[in-house]
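Novice: Using the sequences and the accompanying hints, generate a full structural model.
Protein chains: 2
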Amino acid sequence: MQATSPRMQLGQLPSGLLDALASRSLPSRAIASRLSHGRPTQRRDITVNQLDKSSDHRERVVILGSGWAGYTVARQLNPKKYQAVVVSPRSYFAFTPLLASTSVGTLEFRTALEPVRSRRSNVNYFQGWADVVDFKNKKVTIEESADDPSQGLALSRGNWDEIKSDVKKVALAKKGKTFDLTWDKLIITVGCYSQTFGTPGVKEHALFLKDVGDARKIRNRILLCFETAALPTTTDAMRKNLLNFAIVGGGPTGIEFSAELHDIIKEDLARIYPELMEFYKITVYDVADKVLPMFDEDLGKYAMKTFAREGIKIKTSHHVESLRKGPPGDDNAAKDIQDEYPCWTLRVKEEGDIGVGMVVWSTGLMMNPFAEKALGKIPSTPESGVKYISPGSKMSRSSLQWAVHKEPRTGSVITDDRLHVLLESDDEHGSKQRAIMEDVFALGDCAKIEDTTCPATAQVASQKAEWLAKRLNKGDFDKGGFTWKNMGVMAYIGNWNAIMQGGGGGSVSGRAAWVLWRGAYLTKSVSWRNKVLIPIYWFLNWAFGRDISRF
Amino acid sequence: MQATSPRMQLGQLPSGLLDALASRSLPSRAIASRLSHGRPTQRRDITVNQLDKSSDHRERVVILGSGWAGYTVARQLNPKKYQAVVVSPRSYFAFTPLLASTSVGTLEFRTALEPVRSRRSNVNYFQGWADVVDFKNKKVTIEESADDPSQGLALSRGNWDEIKSDVKKVALAKKGKTFDLTWDKLIITVGCYSQTFGTPGVKEHALFLKDVGDARKIRNRILLCFETAALPTTTDAMRKNLLNFAIVGGGPTGIEFSAELHDIIKEDLARIYPELMEFYKITVYDVADKVLPMFDEDLGKYAMKTFAREGIKIKTSHHVESLRKGPPGDDNAAKDIQDEYPCWTLRVKEEGDIGVGMVVWSTGLMMNPFAEKALGKIPSTPESGVKYISPGSKMSRSSLQWAVHKEPRTGSVITDDRLHVLLESDDEHGSKQRAIMEDVFALGDCAKIEDTTCPATAQVASQKAEWLAKRLNKGDFDKGGFTWKNMGVMAYIGNWNAIMQGGGGGSVSGRAAWVLWRGAYLTKSVSWRNKVLIPIYWFLNWAFGRDISRF
Chain A
1 MQATSPRMQL
11 GQLPSGLLDA
21 LASRSLPSRA
31 IASRLSHGRP
41 TQRRDITVNQ
51 LDKSSDHRER
61 VVILGSGWAG
71 YTVARQLNPK
81 KYQAVVVSPR
91 SYFAFTPLLA
101 STSVGTLEFR
111 TALEPVRSRR
121 SNVNYFQGWA
131 DVVDFKNKKV
141 TIEESADDPS
151 QGLALSRGNW
161 DEIKSDVKKV
171 ALAKKGKTFD
181 LTWDKLIITV
191 GCYSQTFGTP
201 GVKEHALFLK
211 DVGDARKIRN
221 RILLCFETAA
231 LPTTTDAMRK
241 NLLNFAIVGG
251 GPTGIEFSAE
261 LHDIIKEDLA
271 RIYPELMEFY
281 KITVYDVADK
291 VLPMFDEDLG
301 KYAMKTFARE
311 GIKIKTSHHV
321 ESLRKGPPGD
331 DNAAKDIQDE
341 YPCWTLRVKE
351 EGDIGVGMVV
361 WSTGLMMNPF
371 AEKALGKIPS
381 TPESGVKYIS
391 PGSKMSRSSL
401 QWAVHKEPRT
411 GSVITDDRLH
421 VLLESDDEHG
431 SKQRAIMEDV
441 FALGDCAKIE
451 DTTCPATAQV
461 ASQKAEWLAK
471 RLNKGDFDKG
481 GFTWKNMGVM
491 AYIGNWNAIM
501 QGGGGGSVSG
511 RAAWVLWRGA
521 YLTKSVSWRN
531 KVLIPIYWFL
541 NWAFGRDISR
551 F
Chain B
1001 MQATSPRMQL
1011 GQLPSGLLDA
1021 LASRSLPSRA
1031 IASRLSHGRP
1041 TQRRDITVNQ
1051 LDKSSDHRER
1061 VVILGSGWAG
1071 YTVARQLNPK
1081 KYQAVVVSPR
1091 SYFAFTPLLA
1101 STSVGTLEFR
1111 TALEPVRSRR
1121 SNVNYFQGWA
1131 DVVDFKNKKV
1141 TIEESADDPS
1151 QGLALSRGNW
1161 DEIKSDVKKV
1171 ALAKKGKTFD
1181 LTWDKLIITV
1191 GCYSQTFGTP
1201 GVKEHALFLK
1211 DVGDARKIRN
1221 RILLCFETAA
1231 LPTTTDAMRK
1241 NLLNFAIVGG
1251 GPTGIEFSAE
1261 LHDIIKEDLA
1271 RIYPELMEFY
1281 KITVYDVADK
1291 VLPMFDEDLG
1301 KYAMKTFARE
1311 GIKIKTSHHV
1321 ESLRKGPPGD
1331 DNAAKDIQDE
1341 YPCWTLRVKE
1351 EGDIGVGMVV
1361 WSTGLMMNPF
1371 AEKALGKIPS
1381 TPESGVKYIS
1391 PGSKMSRSSL
1401 QWAVHKEPRT
1411 GSVITDDRLH
1421 VLLESDDEHG
1431 SKQRAIMEDV
1441 FALGDCAKIE
1451 DTTCPATAQV
1461 ASQKAEWLAK
1471 RLNKGDFDKG
1481 GFTWKNMGVM
1491 AYIGNWNAIM
1501 QGGGGGSVSG
1511 RAAWVLWRGA
1521 YLTKSVSWRN
1531 KVLIPIYWFL
1541 NWAFGRDISR
1551 F
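Residue numbers (our numbering), protein chains in the order written: chain A, 1 to 551; chain B, 1001 to 1551.
Hints should not be assumed to be uniformly reliable.
[As the list claims (entries may be wrong)] Each pair of labels, with its calculated beta carbon distance range:
| id | chain 1 | residue 1 | chain 2 | residue 2 | range |
| --- | --- | --- | --- | --- | --- |
| 1 | B | Gly1519 | A | Lys474 | 48 to 58 Å |
| 2 | A | Asp184 | B | Glu1275 | 46 to 56 Å |
| 3 | A | Glu275 | B | Glu1275 | 27 to 37 Å |
[Claimed, not checked] Partial chain B-side listing against chain A, Cβ under 7 Å, derived:
| id | residue |
| --- | --- |
| 4 | Gly1152 |
| 5 | Lys1177 |
| 6 | Ala1403 |
| 7 | Arg1529 |
| 8 | Arg1546 |
| 9 | Asp1547 |
| 10 | Ser1549 |
[Unchecked claim] Sample of chain A residues facing chain B (criterion: CB under 7 Å; computed from the structure):
| id | residue |
| --- | --- |
| 11 | Val48 |
| 12 | Leu113 |
| 13 | Val212 |
| 14 | Gly213 |
| 15 | Lys217 |
| 16 | Glu227 |
| 17 | Ile272 |
| 18 | Pro342 |
Since the hints were made in silico from the structure, they are not lab data.
The structure displayed is predicted, hence computed values, not measured ones.
Yeah, the Cβ is synthetic: ideal placement off N, Cα and C, and Gly gets one too.
Specialist: Right, here's the structure in full:
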């Protein structure tokens, strides 16, 4: 994953500290308040009416999503000025850069999580999916999803057509319980789905690494593969299949996961299943001719050298065609025994059928169906909060058919450099009309500033979120637009090595970069609870080994 | 749960320390070996042939089960003298006294787990269910179950008939892959199932607290109930149902869980969902006229007073008749809306239908089907290792129809005071013949010493296991039989209070007992990793509150 460089981290630490002090989250303060039994209880709201009552003339900011953009902006809005309401199917924020570590047990899962509801924030929260957005009446309809089985898992669809048919199905399907929520300002941070390019079998059989539920599946799967391979009933051929781990996608996520996988095998499983070491294999596939494209050539070379030494195969210019259950060989035969042989067959154009114990899929993002479903044509624009750019009479404007401006290729929501959502329309003369929704913002992976090319990363999302929260708190949008400070990228490459490239172009690699990598994420981690737990787990797993209990 | 008193714990600590020293598990040793890259790799065996090869004339001890009895005896057998092989569907040992704490997040789940496979033990392990036991040829047939979905969950059946039909079904069903394992000594520690007395709906809808998977289900369920109750689409009536928590069974497990549940609500959820506090309710039901029967009257009274103060209702002499999905009221109506209303209806003879958000069922144990299935009649006894007690010619003896001696009422396997499994038979004159299987032992919840009444507790199981490991290591069974040292019982009763009753009859209650309670379990916990993590989590959750992320 991409991350901000330590420079910025250290710059941020003080504010983080003040933050924590202000919120009584430092041990000393907590202890004091414990002893005095003096911890005030925060009022939170359970019904929309109560929200209205308790808003006392503050503007309500409804935030759709609880990822890097949504969680950050919600926590940084000034509660005296705004009533922040987060609506998300996921009740926690996942610190994505640490997911790869949790997926092999280098860290415990919860060290990468922060609940949206917290004693230490003033954020209101409803668990649900935003469904219909009524821009005219500034109202969003929410379908509650407290018991959503997909919570914690990456969402993926085969392809665009499937998403469109999904959207239709959802539209037709009997709704779960829904409720309406009005906003003064709306912030759209719904994120993206995992991209599978419609590759057959991938969304059914591959594992992703986008949320903590995915990480747990992967951890259990790795240990299950070794446990099954250790059974006397398992043939050597099947052992080769079960312990053949394929990672598809050579971006930071795929690379960091393969490095962490190598670490747990070399440092822990090698001692517990020494007799299985001859069977395991880690391979990273990518269609491009190089992995880690965002790094300079020499850093890329360094990573490749490290991987070669660690025995991780990197296969560029390879095309994955399908993934199916059962071992390679005659499909029918495979169907019969697929249940007793828990392995899969990956078909690679350049290599044919390969038996694998696990495929971790990390080939990037695709548009969230929400954008397709709720952010299309706008029946009528609101009276206020819309700034019409191009000339034309007010009459004609409201009579025009407006639609949210989206990038045709990706479906990303296009915003101006203030992160306002843009509308467009063809007027009666067929010429483009444009408008700015001044109370509706979009950021994170689902959005894009017009004519810019920021990558869809946590770094950009959190910078936008911090910028937007500041502007809203100060009310100084006139001061100028958002500009991305490239803080550089870093990636863990295994065996206590990392590569790091500063925004300025400077680069570090090896053990030093690894220290900076850990330092950066430790500093960036949100709660003091996790700032304490993370180094403790780093130490314990180094001293005693990772926990291999599987449940 | 019942636990051993601190006296014994402290007595044990030194041996635990030496243990750890010997096994290089102390940080200093681990660090040293890390730095010198000098950690020896232990040889483990993946096939039965390899086991045979690597046994080098040691006796093979096959241990069925990885609970208190099996895990303890496996770790304490002298590896120079015996080749220990654990066969269990569960790849880890669960430290059951801490499960209640993990079920509300006072401790993280893994702090209550120890993997059977460990760098620091010489134990071989196969994941599977013991299936057929061939006493004559000293051979057990194992059905592999690495991918068993029930791993981590309490096992329960409606009643005896259902178990018997299960056994028939299993016998008829197409087997998974199986393999044979021969033993020189067999130790049966398969434990018990959860008792439901055939109460309709319980095994489908109730949650148990016997394994870490149960604890995780409970933790998610509690948080889901509050999150759902916080939705504007939830009526107040449904909030009452969702936040009505019923515990069935007033033994230590049920009582400790209700206390932990009270703690997380009062200490954490009250701050996060203050507006829901008017709705929640905790009730413990028991058919008996008192709870915690194993404690003296004054300790029981103290516990009741504490619970009354904490607002936990104790309803003795109450009879639970059924549990079904959906809210109370007309059954058909309930069926229609049961999906959108995730609550249950508990029918209590004395109270009628009650809407509940969660039922935790803890009414004791019932026999493991394995005893019914594999430990019945014995086609023919082995040549050696059987000691015939009552008179009669050897001829007639081997021609007799022998069966494992079991308690008719409970189905427990009966052993002598050396923990040897007993056989019985009717000879031609209709008089009882008895025999001792000198190489087959049974202990833990599935076994019982003839004419004794030790409770089925972790304390008894681990004392038997330690005794048996010592005898086997020293070979001095002639030195006398096992006698249980009652180390007393203790129970956490919430709000930093506990009750404790020494084996001698002395008793402690309140904060002091709570300190001893924590001290005892911290001392008793197995690995140094957990000895470090447990107090850290105790502190962090006290200072920052329990983590409420749900995934």
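Novice: Work down the list of hints and note, for each, if the structure agrees.
Specialist: How the hints compare with the structure:
A hinted range of 48 to 58 Å for the beta carbons of glycine 1519(B) and lysine 474(A) is consistent with their spacing of about 53 Å. In this structure, aspartate 184(A) and glutamate 1275(B) break the distance hint of 46 to 56 Å, their C-beta atoms being roughly 23 Å apart. Look at glutamate 275(A) against glutamate 1275(B): about 58 Å separates their beta carbons, and that is not inside 27 to 37 Å. Look at glycine 1152(B): its Cβ gets to within about 4 Å of chain A, closer than 7 Å, so that hint holds up.
With its C-beta approaching chain A no nearer than about 4 Å, lysine 1177(B) sits inside the 7 Å limit, and its interface hint holds. Proximity of alanine 1403(B) to chain A is violated relative to the hint, the smallest CB-CB distance being about 30 Å (cut-off 7 Å). The closest approach between the C-beta of arginine 1529(B) and any C-beta of chain A is roughly 4 Å, which is under the 7 Å cut-off, so the hint is satisfied. With a least beta-carbon distance of about 10 Å to chain A, the hint placing arginine 1546(B) at the interface is violated under the 7 Å criterion.
For aspartate 1547(B), the interface hint holds, since its Cβ comes within 7 Å of a Cβ in chain A; the closest pair sits about 5 Å apart. Interface restraint check for serine 1549(B): the shortest CB-CB distance to chain A comes to about 4 Å, inside 7 Å, so the restraint holds. Hint status for valine 48(A) relative to chain B: holds, with the closest Cβ pair at about 5 Å, below 7 Å. With a cut of 7 Å, the hint placing leucine 113(A) at the interface with chain B holds, because the nearest CB-to-CB distance is about 4 Å.
About 5 Å separates the beta-carbon of valine 212(A) from the nearest beta-carbon of chain B, less than 7 Å, and the hint is met. A least Cβ separation of about 5 Å between glycine 213(A) and chain B falls short of the 7 Å threshold, and the interface hint therefore holds. About 11 Å separates the beta-carbon of lysine 217(A) from the nearest beta-carbon of chain B, more than 7 Å, and the hint is not met. Because the smallest distance between the Cβ of glutamate 227(A) and any Cβ of chain B comes to about 5 Å, under 7 Å, the interface hint for this residue holds.
Given the 7 Å rule on beta carbons, the hint for isoleucine 272(A) holds: about 5 Å separates it from the nearest Cβ of chain B. Hint status for proline 342(A) relative to chain B: holds, with the closest Cβ pair at about 6 Å, below 7 Å.
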